[in-house]
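Residue numbering for the sequence shown follows the working numbering, starting at 5 and increasing by one per position.
Simulated from the structure, these hints should not be mistaken for laboratory data. Among the hints, erroneous ones may be present.
[Said to hold, decoys possible] Derived Cβ-Cβ restraints for the label pairs, each shown as a range:
1. V43 / T21: 31 to 39 angstroms
2. K53 / Y32: 31 to 39 angstroms
3. P26 / H50: 18 to 26 angstroms
4. G52 / T28: 20 to 28 angstroms
5. K53 / T28: 35 to 43 angstroms
6. L27 / T51: 15 to 23 angstroms
7. Y30 / S54: 16 to 24 angstroms
8. T33 / K53: 30 to 38 angstroms
9. T51 / T28: 30 to 38 angstroms
In this text, all values refer to a predicted model and were calculated from it rather than measured experimentally. Note that CB positions come from ideal geometry on N, CA and C, so glycine has one too.
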Amino acid sequence: MFKQRSILIVLALFMLTAYSQPLTLYSYTGGAHGITVKVPNNFDFHTGKSLQLDSPWASQTWAAPRLCGRR
Numbered sequence: 005m006f007k008q009r010s011i012l013i014v015l016a017l018f019m020l021t022a023y024s025q026p027l028t029l030y031s032y033t034g035g036a037h038g039i040t041v042k043v044p045n046n047f048d049f050h051t052g053k054s055l056q057l058d059s060p061w062a063s064q065t066w067a068a069p070r071l072c073g074r075r
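Produce the entire structure from the sequences given, and follow the hints as far as they go.
Rendered as structure tokens:
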């Protein structure tokens, strides 16, 4: 029961704002092995728009300054 309470507390502290889904591409051309490439895709959870690393969202998140040691 303690775990359930802990999970609820954690969910209450964080609001989902972005969704990341990697696109996995695999190619085999007949050699010894194929090659796999993963392309990251980041989306705004509320609007569905694609997010780039240099987007305003990246600098406005409350977590970024805390993770970088700035407040």
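Next on the checklist: Which constraints among the numbered hints does this structure fail? Numbers only, ascending.
Outcome noted: When the structure is compared with the hints, numbers 1, 5, 9 turn out to be violated.
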